[in-house]
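*Asks:* Residue numbers (the numbering used here), protein chains in the order written: chain R, 1 to 337; chain V, 1001 to 1337; chain A, 2001 to 2337; chain L, 3001 to 3337.
Be careful, since some hints might not be right.
As the list claims (entries may be wrong) - If you want a taste of the chain R side facing chain L, the calculated C-beta under 8 Å gives, among others:
1. Tyr8
2. Ile20
3. Gly30
4. Gly60
5. Thr201
6. Pro276
7. Phe278
8. Val302
9. Phe304
10. Asn306
As the list claims (entries may be wrong) - To be clear about the criterion: a stretch of chain V counts as covered by chain A if any three or more of its residues have a C-beta under 8 Å from a C-beta of chain A, and this derived list gives those stretches:
11. 1016 to 1024
12. 1264 to 1271
13. 1313 to 1325
Claimed, not checked - No farther apart than 20 Å at their CA atoms in a straight line, the calculated lysine to aspartate or glutamate pairs in the EDC-like style are these:
14. V:Lys1149 - V:Asp1109
15. V:Lys1157 - V:Asp1221
16. R:Lys309 - V:Glu1122
17. L:Lys3309 - A:Glu2125
18. V:Lys1309 - R:Asp115
19. V:Lys1219 - L:Glu3127
20. A:Lys2219 - R:Asp115
21. R:Lys219 - A:Glu2125
22. A:Lys2161 - A:Asp2109
23. R:Lys113 - R:Asp54
24. V:Lys1219 - L:Glu3026
25. L:Lys3309 - A:Asp2115
26. R:Lys309 - V:Asp1115
27. V:Lys1157 - V:Asp1188
28. L:Lys3219 - V:Asp1188
29. L:Lys3022 - R:Glu18
30. R:Lys332 - L:Glu3026
31. L:Lys3113 - L:Asp3183
32. L:Lys3161 - L:Glu3122
33. V:Lys1309 - R:Glu18
34. R:Lys219 - R:Asp54
35. V:Lys1219 - L:Glu3125
36. A:Lys2161 - A:Glu2151
37. R:Lys309 - V:Glu1125
38. L:Lys3309 - A:Glu2151
39. R:Lys309 - V:Asp1109
40. R:Lys131 - R:Asp160
It should be emphasised that the hints constitute simulated quantities derived from the structure, not laboratory data.
Since the structure is predicted, the reported quantities are computational estimates derived from the model, not experimental observations.
No residue lacks a Cβ here, since even glycine has one placed at the ideal position from N, Cα and C.
Number of protein chains: 4
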Amino acid sequence: MIFLRNDYSEGAHPQILEAICKSNMEQTVGYGLDEHCFNAAKLIQSRIKREDADVHFFVGGTQTNFTSISAFLRPHEAVISSSRGHICVHETGAVEACGHKIVAMPTPDAKLKADQIDEAIEYHEDEHFVKPKMVYITNSTELGTMYTKAELQEIRKRCDKYGLYLYLDGARLASALTSSENDLTIEDIATLTDAFYIGGTKNGALFGEALVLSNPVLKPDFRYLLKQKGGMLAKGRLLGIQFEELFRDNLYFELGAHANNMADMLRNGLQSKGYPFFSDSFTNQLFPIFPNETAQFLAEHVSFENECKIDEKNRCIRFVTSWATTQEDIEKLLALL
Amino acid sequence: MIFLRNDYSEGAHPQILEAICKSNMEQTVGYGLDEHCFNAAKLIQSRIKREDADVHFFVGGTQTNFTSISAFLRPHEAVISSSRGHICVHETGAVEACGHKIVAMPTPDAKLKADQIDEAIEYHEDEHFVKPKMVYITNSTELGTMYTKAELQEIRKRCDKYGLYLYLDGARLASALTSSENDLTIEDIATLTDAFYIGGTKNGALFGEALVLSNPVLKPDFRYLLKQKGGMLAKGRLLGIQFEELFRDNLYFELGAHANNMADMLRNGLQSKGYPFFSDSFTNQLFPIFPNETAQFLAEHVSFENECKIDEKNRCIRFVTSWATTQEDIEKLLALL
Amino acid sequence: MIFLRNDYSEGAHPQILEAICKSNMEQTVGYGLDEHCFNAAKLIQSRIKREDADVHFFVGGTQTNFTSISAFLRPHEAVISSSRGHICVHETGAVEACGHKIVAMPTPDAKLKADQIDEAIEYHEDEHFVKPKMVYITNSTELGTMYTKAELQEIRKRCDKYGLYLYLDGARLASALTSSENDLTIEDIATLTDAFYIGGTKNGALFGEALVLSNPVLKPDFRYLLKQKGGMLAKGRLLGIQFEELFRDNLYFELGAHANNMADMLRNGLQSKGYPFFSDSFTNQLFPIFPNETAQFLAEHVSFENECKIDEKNRCIRFVTSWATTQEDIEKLLALL
Amino acid sequence: MIFLRNDYSEGAHPQILEAICKSNMEQTVGYGLDEHCFNAAKLIQSRIKREDADVHFFVGGTQTNFTSISAFLRPHEAVISSSRGHICVHETGAVEACGHKIVAMPTPDAKLKADQIDEAIEYHEDEHFVKPKMVYITNSTELGTMYTKAELQEIRKRCDKYGLYLYLDGARLASALTSSENDLTIEDIATLTDAFYIGGTKNGALFGEALVLSNPVLKPDFRYLLKQKGGMLAKGRLLGIQFEELFRDNLYFELGAHANNMADMLRNGLQSKGYPFFSDSFTNQLFPIFPNETAQFLAEHVSFENECKIDEKNRCIRFVTSWATTQEDIEKLLALL
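Only chain R is shown next, with the shape it has when bound in the complex (with noise of 0.2 Å):
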């Protein structure tokens, strides 16, 4: 079986493993207070050129992101998201059950539109409604895109505009930077968001996210948040050592682009085959279309997701590459085809 059902099937790189194995006898106190932690905050922020960044570290997306708006928002406050965000569909209600509405945006192809930000706020016109104050987006999205420099700082000066923050879901992160059609930086990340967060756990991590606060108003008291919303993990140490490994040289990177290069040739296969695509994605997840008996067949081989009918005779279905795909998989089921 062919496995691209997702970019967390297998444990860890092996070179993390392999760090988590060599200190593991080590004593270190809890909960994150450990010089691993510190060590691999400071690689962060030196490589995302904000050394007075606050640097969290999460178990998982889903944490990071109902923690940080918990901790952003007061009770009235709302998020703005595409409505495909992973928030607004995939977290059960996580943000909500944290008391705080998702104003949804239809967005076909799942990246918010700058446009969408003056409409979410002329909508909301008073105390009648929720107040907007923060934009979620996801980079790359639920649907593989990516936002452009452009885009980002277009929906960085509505932000500005309306006194909203801006944080961005970075699960996929790795595999958005180093696509062949991205134009941003971690740095122009880091710059431009008011918070956002390094996803590992689809990344070759064993688990583990780094959630980064620029904007100084975001910083107080998130550890409170941390441990009430049950983020904090008491060997914290374990988040610590895995970002050391994927920041100290260039391994997060170096991921994302296997995923990347593996996508590329599943993609330029497919479509010399003539399969459409649901949609324009340049990173790890691809949404080709089949006639549902290619998909029926396909599924014999393949381990992957359904993603949604087209038509009667045609679905969309994802596959999703990563840091351990290989080579002969692609090939292999492109032979299939």
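Put chains V, A and L on the given structure of chain R with help from the hints.
*Replies:* Only chains V, A and L this time, still in chain R's reference frame:
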């Protein structure tokens, strides 16, 4: 100034106010455990032919909605509503503040369609999504439209099919049930829903809504929620006294009918002058479309709310009639055009 | 039956009811944006000598408390309160339902001691604990006791030292401020607290509490919270009208003084008959201790609440006087003993 | 430095780490739906002799506690706990952040007494109070003490009497069950509680807690809550793999026994030197009392936590042994005194 801004612009219908005055020096226990509340509950039970139903009194509608939803749902459960539903739009995220997502289905006429329930259920596949557990509808709706008996029965069927509670927000129930186009009785509503509320604030009470719980599953410990969410009035008898007046004889329906008569007169007048309407309303809210300059001119003489822009030259405004609206006012308004 | 069960057994003081009746057919906008509310706010600002304070009107006290706490605190922040504080005990966990822990400090007389603030702060060491950010006190307290000016100043000092907001629940403020033993003015309270509310429900209003926000930090967006938490009354003017009556001249204080006079008479009578008291109350709640059989006998003639068991033979009960209590009733009661 | 600060100072027991490494390149579905999780659940079901119980895996204890409480209770329901209970003190108000009050009963030895359940129930009279619906206990407790079988049975009886769920926080269950003074089996615990969790983080796992739901009422939709509250790990198999190791043979109990042996040795040594203890602990947490200067001297050589001040001259500190503590370390420590 002709006041058609809303149906809560005055105090109470004189008969209700008189009852409050007459009982003023009675000494009763607090929190809705007095004889007036018991008697009012009995009058309602008898009128809806559900002696087994529980009746709870609230001061306002937002309170009634979020307290009920909070009482009925577990944390991961969600409410399906028209995207124009009052809870979606005009309650400052009160439902989300209680932890629940609203699954908003776009409906141009503010009426949720039975098929949209199927759609919502199908979309929410597994535990990564919220779980729809309740359907919220308003009657009459935010656009003055109404559910037919057939429509309500069809919604009930879907609720039964999927194990959903059906809750009807009756802030303007009096107007709906006394509309010339209505084919539903209050008994039908008590039979077809699991819970609904009978709106007093917008139909001649100083304030007050009577929540009816028909489904026994929803009854236990409801008074705890009433207290916790701030809905338990110290001098609870004020609610009982008012609903005694409304339901002792037929006052509740007479007041609704009066509001509708005034709206009919206004609608007919506007139609005969050639003005189109944004929605097909036969209740006490009308949504005529006027050229911008006409709307501006009217605003000098009439107090009303803007609903929305139609195009560069026209806009939709809202007129609301009430138990207190006079024929003279309607005539004066029509004479302006 | 002599009714000393509580101070909200009747409707409204006749002057207040009359004002409601007189204004009944006035047409106003809703939600507290009418002239009566503006005028009432001005009367209060002027009476407390804080023209800069914001005033918001609520229907009831539980609502006022949880809405304020919810508006003032971030999710990890907590309220310090006497363990007998109304929010700790009698509000069905409304504060916790908004997400906040109450740090309850045991106080036999229901008065929080300034040193207990130190104690609470010291106990909460780091981010594994909640962070106390607010002090909640009631005046008069749940046991009828009162804060002296020196005590309130001392509490203020600790609040300043630790960066805590001071909030005073004035459900029975009228009784406190007109007590023979009181040395605080309403101006003192407005100066020494960050926020407090002036209770109307228990002092002659049909219902209503006026929240005063003195600290500018607490003001932004408060009306969003008022709406979200269900406290925004459609016919908001009802609150304005009542507080106009209470604060136009001196009615608020006269009603409190009357209740206290009745309590003084009752206390003196009981003392002269040798009955001890559970608390030193010089306000409108008295907590006499009776042998069980005396209490049982009284219950046949007087409506009151049981407070607690003292020992096998004696119990403490609560008598509450109000603006409506008559000298005849007190004399009758004393004659029974 | 001798490290007795806590039982999560190192990584994982080597056997567990090896299993993680060995399975690293396996490809599995995510979110705990893989074979390792199924197998681990079966091993636990079989070990506790409850094939019918549901088992869910979490990363940490705070998460397990608040997710369970949130899943089990309605908004007005509360948890009874010892005032030293972990949820009361060290979880930054996580339970309150989910909306529930903790009814904290003072207990010097951190063990909730059965009679305190009666007391809590009697105190909460009606709907103005929260409604206790669940009892939370820890075993071993925050002071290293343990429940006897008789005590647990008595607590169960009260829970049955009042319709309360009994939940046991087993963060340090391994140490409790292998203590020389223990008379409870894990089967007893599975029988006497409605839900409990088997702590891995503090007993040799890299991280992980296994929640056991015995009462069928608590099972429906639990995975929704697991996801919503951030507890659903993407690479869920990591939890399954670790609990397979802990429960395939007897590793879970062996590690607990080792920690206890080290604690026994330390306790005996301290006792023989005449140091008193703050609590009667026969588990892996010891609370010796030292003169301040002794404690200061020790702090230069041993890493530990301060528990509390005893008097001006003495203080209580906490030593925690673990699966990783060595006899050499204990000997070295004792040699210092």
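*Asks:* Take the hints in turn and mark each one as holding or not.
*Replies:* A quick look at each hint next to the structure:
Annotation: Tyr8 of chain R was flagged as interfacial toward chain L, and the flag holds, the nearest CB pair being 4 Å apart, inside 8 Å. A least Cβ separation of about 7 Å between Ile20 of chain R and chain L falls short of the 8 Å threshold, and the interface hint therefore holds. Proximity of Gly30 of chain R to chain L holds as hinted, the smallest CB-CB distance being about 6 Å (cut-off 8 Å). For Gly60 of chain R, the suggested interface contact is upheld, since its CB lies about 6 Å from the closest CB of chain L, less than 8 Å.
The criterion of a C-beta within 8 Å of any C-beta in chain L is met by Thr201 of chain R, whose closest approach is roughly 5 Å, and the hint holds. Of the supplied interface hints, the one on Pro276 of chain R is violated, with its beta-carbon coming no nearer than about 28 Å to a beta-carbon of chain L, more than 8 Å. Because the beta carbon of Phe278 of chain R sits about 22 Å from the nearest beta carbon in chain L, more than 8 Å, this interface hint is broken. With a least beta-carbon distance of about 12 Å to chain L, the hint placing Val302 of chain R at the interface is violated under the 8 Å criterion.
The criterion of a C-beta within 8 Å of any C-beta in chain L is not met by Phe304 of chain R, whose closest approach is roughly 11 Å, and the hint is violated. Residue-level restraint check for Asn306 of chain R is violated (minimum Cβ-Cβ distance to chain L is 14 Å; threshold 8 Å). Chain A is given as covering the stretch 1016 to 1024 of chain V, and this holds because 5 residues of the stretch bring a CB closer than 8 Å to a CB of that chain, at least three being needed. Closer than 8 Å: that is the beta-carbon criterion, and the stretch 1264 to 1271 of chain V has 0 residues meeting it against chain A, so the requirement of 3 is violated.
Using a Cβ-Cβ cut-off of 8 Å, 1 residues of the stretch 1313 to 1325 of chain V lie near chain A, which falls short of the minimum of three, so the contact claim is violated. Between the alpha carbons of Lys1149 of chain V and Asp1109 of chain V the distance comes to roughly 17 Å, so the proposed pair stays at or under 20 Å and holds. Distance check on the hinted pair: Lys1157 of chain V and Asp1221 of chain V sit about 28 Å apart at the alpha-carbon level, beyond 20 Å; violated. Restraint check: the Cα-Cα separation between Lys309 of chain R and Glu1122 of chain V comes to about 12 Å, which is no more than 20 Å; the hinted pair holds.
Pair hint Lys3309 of chain L plus Glu2125 of chain A holds up; C-alpha atoms about 14 Å apart against a cutoff of 20 Å. Taken as a hint, the Lys1309 of chain V and Asp115 of chain R pair is honoured in the structure, with Cα atoms around 18 Å apart against an allowance of 20 Å. Distance hint between Lys1219 of chain V and Glu3127 of chain L is fulfilled; the C-alpha atoms sit about 14 Å from each other, no more than 20 Å. A threshold of 20 Å between alpha carbons decides the hint, and for Lys2219 of chain A with Asp115 of chain R the separation of about 31 Å lies outside it, so the pair is violated.
Simply put, Lys219 of chain R and Glu2125 of chain A have alpha-carbon atoms about 19 Å apart, close enough for the 20 Å limit, and the pair holds. The straight-line distance between the Cα atoms of Lys2161 of chain A and Asp2109 of chain A is roughly 25 Å, outside the 20 Å bound, and the hint therefore fails. Proximity of Lys113 of chain R to Asp54 of chain R is assessed by CA-CA distance (about 28 Å); at most 20 Å being required, the pair is judged violated. This hinted pair does not check out: Lys1219 of chain V and Glu3026 of chain L have alpha carbons roughly 50 Å apart, beyond 20 Å.
A distance of roughly 18 Å separates the Cα atoms of Lys3309 of chain L and Asp2115 of chain A; the hinted pair therefore holds under the 20 Å criterion. Between Lys309 of chain R and Asp1115 of chain V, the direct Cα distance comes to roughly 18 Å. Compliance with the 20 Å bound is thereby established for this hinted pair. Restraint check for Lys1157 of chain V and Asp1188 of chain V: satisfied, since their Cα atoms lie roughly 14 Å apart, inside the 20 Å limit. About 36 Å separates the Cα atoms of Lys3219 of chain L and Asp1188 of chain V, which puts this hinted pair outside 20 Å; it is violated.
Restraint check: the Cα-Cα separation between Lys3022 of chain L and Glu18 of chain R comes to about 12 Å, which is no more than 20 Å; the hinted pair holds. Annotation: proposed proximity of Lys332 of chain R to Glu3026 of chain L holds, straight-line Cα distance about 19 Å (limit 20 Å). A C-alpha spacing of about 18 Å is found between Lys3113 of chain L and Asp3183 of chain L, which places the hinted pair at or below 20 Å, so the restraint holds. A C-alpha spacing of about 13 Å is found between Lys3161 of chain L and Glu3122 of chain L, which places the hinted pair at or below 20 Å, so the restraint holds.
Proximity of Lys1309 of chain V to Glu18 of chain R is assessed by CA-CA distance (about 63 Å); at most 20 Å being required, the pair is judged violated. Of the pairs offered as hints, the one joining Lys219 of chain R and Asp54 of chain R holds, with about 7 Å between alpha carbons and a cut-off of 20 Å not exceeded. Between Lys1219 of chain V and Glu3125 of chain L the alpha-carbon distance is near 19 Å, which keeps this suggested pair within the 20 Å criterion. Between the alpha carbons of Lys2161 of chain A and Glu2151 of chain A the distance comes to roughly 15 Å, so the proposed pair stays at or under 20 Å and holds.
As the CA atoms of Lys309 of chain R and Glu1125 of chain V are separated by approximately 14 Å, the hinted pair is consistent with the 20 Å bound. The suggested pairing of Lys3309 of chain L with Glu2151 of chain A is violated, with an alpha-carbon distance near 29 Å, which exceeds 20 Å. Among the hinted pairs, Lys309 of chain R with Asp1109 of chain V is inconsistent with the structure: their alpha-carbon atoms are about 28 Å apart, more than 20 Å. Restraint check for Lys131 of chain R and Asp160 of chain R: the C-alpha separation of about 15 Å stays at or below 20 Å, so the hint holds.
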